[in-house]
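Chemist: Below, each chain spelled out in residue letters.
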Amino acid sequence: MGKWVHKALTPTDTAETGPHADMEDLALLVEGKLGGDERENLLRHLNQCGQCYEILQSTMKDVQEAPSAEPTPIAWWKTKSAYALAASIIFLILVGGPLVYQFQTRQSLIASAELIVDQELKDILLEYDALEWHRVKRIKRFISVLHKKGYRVKSFDRVILAKPYYQTKSLFGPEEVLYIRIDDGVAYLEVKEKK
Amino acid sequence: MKGNSIAPEKILASSEIIDKIEAICKRHFADENEQNESFIFILDRLKADNFRRLRAYKGQSQLTTYVYSLINALIVDYRRKTYGRRRIPASVVKLGKWAETAYRLVCWQKFSFDDAYDILQVENLFAGSYERYIKAITPIREAPCRENPAFQSLNEEVAGVAENPHGADANPLEALIGKLDRQRRVKALKIIRAATETLSHDDQLLIRLVYGADQPVNVVARMIGLSASSARRRLKRLLTQFRKQLLAEGIREP
Chain F
1 MGKWVHKALT PTDTAETGPH ADMEDLALLV EGKLGGDERE NLLRHLNQCG
51 QCYEILQSTM KDVQEAPSAE PTPIAWWKTK SAYALAASII FLILVGGPLV
101 YQFQTRQSLI ASAELIVDQE LKDILLEYDA LEWHRVKRIK RFISVLHKKG
151 YRVKSFDRVI LAKPYYQTKS LFGPEEVLYI RIDDGVAYLE VKEKK
Chain A
1 MKGNSIAPEK ILASSEIIDK IEAICKRHFA DENEQNESFI FILDRLKADN
51 FRRLRAYKGQ SQLTTYVYSL INALIVDYRR KTYGRRRIPA SVVKLGKWAE
101 TAYRLVCWQK FSFDDAYDIL QVENLFAGSY ERYIKAITPI REAPCRENPA
151 FQSLNEEVAG VAENPHGADA NPLEALIGKL DRQRRVKALK IIRAATETLS
201 HDDQLLIRLV YGADQPVNVV ARMIGLSASS ARRRLKRLLT QFRKQLLAEG
251 IREP
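Sequence lines, in order, name chains F and A.
First residue of the first sequence? That's 1 in the numbering used here, and the numbers climb one at a time after it.
First residue of the second sequence? That's 1 in the numbering used here, and the numbers climb one at a time after it.
If you're looking for bench data, these hints aren't it; they were derived computationally from the structure.
Beta carbons are placed, not taken as given, at the ideal position from N, Cα and C, and that holds for glycine.
All the given hints hold, so there is nothing to weed out.
The calculated lysine-lysine pairs, modelled on BS3-like cross-linking and capped at a C-alpha distance of 25 Å, are:
(1) F:154 - F:192
(2) A:58 - A:20
(3) A:190 - F:3
(4) F:61 - A:26
(5) A:20 - F:33
(6) F:192 - F:148
(7) A:110 - F:61
(8) F:3 - A:244
(9) A:81 - F:61
(10) F:3 - A:26
(11) A:97 - A:81
(12) A:97 - F:3
(13) A:110 - A:94
(14) F:3 - A:187
(15) F:33 - A:58
(16) A:58 - A:10
(17) F:3 - A:179
(18) F:140 - F:192
(19) A:20 - A:47
(20) A:110 - F:3
(21) F:61 - A:58
(22) A:236 - F:3
(23) F:122 - F:195
(24) A:236 - F:61
(25) A:20 - F:61
(26) A:81 - A:110
(27) A:135 - A:110
(28) F:61 - F:3
(29) A:97 - A:187
Pulled a few chain A residues facing chain F out of the computed Cβ check, cut under 8 Å:
(30) 57
(31) 62
(32) 122
Isolated chain A (complex conformation):
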């Protein structure tokens, strides 16, 4: 689809677009009711104010790419509208920001409590030992969580966190992190995050999308105006920088 002369009603009448909206809703929500609700929400929002969002299209990009980005933005809106109504239980709120984050990670994002501990460490939200953490989370584990039935489990294998089985093989950073013990893992993640934030915007996005989101190098390269081979060379250079910084902090592959 190309051009900005297509009437918005016709865009929404296209089976390709309707199928895409449905597919995106299915990708984001496992629950059938939520899939249907988000689908209707997106259609309503696209039609709202006499198709305002679709009329904003200036014809500079491909129409389909524009519509895909709109649909994805509306999914974020839908999630905020739906989940925004969700409240963290008062018993958790009174424990502080670390507890709210832990609750959000485990109940809403379906991380295990163990993983949440590591993330809290990386985010500098909980400085105490693991033993202290286990004691401290008791009120969180007792708090209600409709979204995640496995909430109260301390088991590492909590379903729902998307993981690519090939991720670690293809992703040198993840492969390294996976081999480290908890303490080193938290330290390494902090180093990687801090190192990424010092890079140029191009390099940051390259690292984030290739190693943090498993996007193909050639696709990200095109976005930042590089050839695929230049992007690969740049990634190699950035990984060497990371490696040096990790080694300087005493982190090496076991």
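For reference, chain F alone in the conformation it holds in the complex:
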């Protein structure tokens, strides 16, 4: 901010002897909810007391920076997101339409898939270190995660890992891909680093 006008317009009285603003009234003022005599009295005080004025300014800044701060109302059709939404819908109709048609007419189950290993998959992979999974619950949870990610896989009741899976230590480690192949009721899994 400009130092000159800032200095000239900042109230200088520290109101050492008088009572300072009530913090809840100050909060209500910042929210635009203080009215009547209470607002009039508080404004009079703020125009004189440098200390309360400073608290007001800082609080206003904090409220504006808060993630829940209400955005400035803008007509919805003027927002970039409205244009983006419209463009996305057109794009989806053009590109997704034929795919949906194809999906509806020939919905086949996937026999193999590759997907990025996220935390949810890691948790399942790290649950036990045995290469062959026997626990029904674990297998069911794995299938439900695949469903959640949009993979309608062929049914299987056994899972075999190609090699033991260990968590990568680095926070910025390479992405990993899980390769799945389902054959005769058995899911064969292999985790490889993404190239």
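With chain F's structure known, arrange chain A on it following the hints.
Modeler: This is chain A only, laid out in the frame that chain F set:
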């Protein structure tokens, strides 16, 4: 966060609030030790007397707004507690109030000596010429100042005074002030300050916060019960009044 039924301990356990306290401390203090000390001070004060300050919340405003105002009030308390211990050197005190103000401006608030001269003029604390001022500040420049290593410099570019690089563009008052020479600048600032003080409380706060603190018009408008467009119209009218008064005193844009 809303409602007054939340236990104070839970408020302080919220990572959102703790992060906010940390952010506010960082905003106010550049020094890491001071950031940490003020952070601890605020936490202690919020916990003091069985969370008295947090318990005073009546639930009329948003809890977060209330807590933000509390934290900012505690920052002021912390600064007073810490800086209140600082003493203006006796060699400065004996020169009078103008010297104390100059010392406070340059050493504590990190204004340059040149800027301090202008502010002293606006505050009617030093009536003499600039040449006289330069001679008079010699004992102040020799006084110790731990807080501002650039203290003894007369250079205008003293670091630390927050300035918004866009301020002058967006702020017509600052833009005008920036173009004036020292004498006119001091005069113009006096006029602007005096004119502001004659306005209604609503208008005063509108001018102070929009042009003195760079707060958005719509935010200030909501506080004083106006729509953003009404507030803009009012600001325009107030600026026209200021302009007339400046012109009447012979101040115009060079």
